[in-house]
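Asker: Going down the list, the protein sequences come from chains A and B.
Residue numbering for the first sequence follows my numbering, starting at 610 and increasing by one per position.
Residue numbering for the second sequence follows my numbering, starting at 334 and increasing by one per position.
Worth flagging that the hints you see were computed from the coordinates, not collected in a lab.
Do not take every clue at face value.
As the list claims (entries may be wrong) - List time: in silico DSS-like cross-link candidates among lysine-lysine, alpha-carbon distance up to 27 Å:
1) A/LYS722 to B/LYS463
2) B/LYS369 to A/LYS713
3) A/LYS722 to B/LYS624
4) B/LYS466 to A/LYS618
5) B/LYS369 to A/LYS722
6) B/LYS466 to A/LYS713
7) A/LYS618 to B/LYS463
8) A/LYS722 to B/LYS466
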Amino acid sequence: MFTPLQSSKAARRRTALILIVPSCLLLAIINLYPFIYALALSFQKYNMTRAAQGSRFVWFANYGAAFRDPRFLNCVVRTLIIVTGAVAIEFVIGFCLAFVLNTKLRGMDTIRKLSIAPVTVMPIVSALIWFYMLNQRYGIVNWFISFLGVEPQGWLTHTTLATLSIIAADVWQWTPFIMLVILAGLNALPEYVYEAAQIDGLSNWQQFRLVTVPLLMPVILIIVLLRIMDAFKMFDLVYTMTQGGPAGATETMSYYIYIQAFNFFELGYAAALAILMLILITIISQIFVRWMYREEEATAA
Amino acid sequence: MEAVEQYKHERMEQAARVIRKSQLALQRQRYSILTKTGLYAVALLFLGVSLFPIYLIVTASLKNDVQIFARPPVFLFSPTFKSYHDVLLVRSLSQVRFIVNSLIATILATAIAVGFGSMAAYGLARFEFKGRKDLAFWILSTRMAPPIAFIVPMFVLIKSIGLLDTWWALVIMYTGMNLSFSVWILRGFFMDIPPELEESALVDGYTRWQVFTRIALPLVKPGLAAVAVFASIFSWNEFLFALILTQQNAKTIPIGITGFSSSMGIHWGPFMAVGFIAILPILIFTFLMQKYLVRGLTFGAVK
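One chain only, chain B, in its complex shape:
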């Protein structure tokens, strides 16, 4: 469609202008050696502190039981993959089922939140009706409430439907939690699209649903990415609902992890291995989707 192409062209020119400006800014800054050293020192200290616990997890997951508790701490050692072996293959300790449960819950919850959320966002952005603003505000406000407030009623409800300890329970809760920011972010994105694009599509004979799927949705891809990133992170890391709503079958990784601590103390080796498996996918995913993270985490408030 011509109009869409033209719109995309304008956006690319805008982006090019921004890049040129920042290049100019780059040329303008000169720092003394002293300032530079100071800045780097602070930045590297921050990086070190941020990464140190993660470094601990990785190294501890490769240590044997003696080395984990060694004082002074062991920094050079020959790694062993026993912890990973235990955690994935030994039946009594196996976390594989938890990983699968987490994956299913996360993927489904993210997909539905993006799907339903984009629909609702589009509806709220483009259609006028009474109470539109109140509805939008209510959807946002659902994020304000502390999960602990919902947990008892939801536990009772889900138990009575017989969905306790199933994937569905988690998918329902996580999708619901993800919907609020999904709608909020995407509504902003949809409102940024010039209505003329859609109107010319309608003139060309597109149905309103086709306008949504073929014109509007592709144009908000960054928003969809932002929602997907944050929804995945939230669903994967979620603890409280999984704790209450699962018992045996649908336990997710976070709950599996708590299984490592018993009255006799914490089984550190396997925990470190699972811990790393738990954080690795999100680390990689976030690193790749960096630029969408800010938008996702602030509900589109910061662009």
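In isolation and in its complexed conformation, chain A is listed as follows:
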């Protein structure tokens, strides 16, 4: 911290303000204001196409309607399924791959650098290329599985398969990300702990279980949490590949809110759903963080 060596407290405060205010102002505009506005909207019944009639305050009616809306409840379940499935698979595969690619074999470094590619691909492009690959008639996936004697499947036209397809597209794009982060975490682990473990005579598996995993916990925690939060917001894939899927099988919350706002123009209801979604994300994040920290403390002890 700065010692009283500088000039007046006022000058210091002025500098601090100049530094911080621009960012805070921008964030207030695009984050605070919309949040308050959305909150206010959620208490009103407002249909944009009937703007002339104006809006009226219905307070918690929108929220009540949400809990009685079967389509919304379906969305919540669908989103949870997709998020859990995708993140779980991404984590397991990414975690294992981090160890594989961390071995100091020749060429592993290049393989690692090249395999990052999916993370950088524009989600909309990724979605469309998967749409192309999964097409029932000319998609390459069906061509591949024909070698295994399996019939061509309608990947995006059957409910379960559509869900799997969305999960697959997400897994393809983000597994390298998890792999990369865990790998970076692995490389940051201090040598001396392993040296001490070897002196203590721990086997490789014991080293992994008692040294590597606990030390990696913070990294794992953060990356899985980040992925969960991002996966919840999934929109591009659903919009492009399935538009909510056969009979709402892949209708995620983001997509449904979009439909309500820009197809049905029910802005009030959409706002209420968005607030509910935000609450859900917050709750899940909190649960997750607490659970993982309890695990971390348990292993530390």
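Based on the hints, put chain B in the right spot on chain A.
Answerer: Only chain B this time, still in chain A's reference frame:
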């Protein structure tokens, strides 16, 4: 400045120590042929799966319409650049304007996010004031909220200012979205700088602003790179806000791409060409800035 030089020297020695250690580690590992084969097989399978869709985009962009739909798929063919020609030069299909819009929005949003973000990060790292921690947490929390929650109010606001379908709308939104991790990452970097460096600069007569621009900023270059990488990727790839906030003039590449799918089906050739143009800059950029990617993507949580 002496102190800065000394600090840089210490960091370089630290780096050298790390390199020596990893070289030692290298010598220690021996794998059997069987294990090696297995490891390579897994790694190459992963690489293959990761790159295959991209390979598809590249090859399909060079195929003609018949070959794209051919069953069994055509692997050897003579490439044609017709799709690229269509997508860049044919007026009705031209994506050039979208590319320009994307470029402008991305560059501006990244620059402002780095600029404002570094300022705010420095302010939060070095100046004590009440509510400092809460402010920092609020800035980070802005990333948690789903964009779909903001989109309606922002649409109404931007429409009322008359900025709908302009670059400014996108720049504002993207900069805002980039600010949260920009501040978070850079704050960590700034806090890592020993305060003595800046204090001796102040003794030498630097103003606090000069300390920021001439001492602190150069020392956090890796952080700035990390922010720039992630901010560019995010802004370039962003879809939802561009979808809602643009209609004709300010459409970016992702929205232009959706223009290829109509009720009659998808125009695959041109789409593949644009798709490749869309992902190529980011692919190259990321490959060059590899080491900053992890820091950027995890908000500085993993170093």
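Asker: What hint numbers does the structure not satisfy?
Answerer: Hints 1, 6 and 8 not satisfied by this model.
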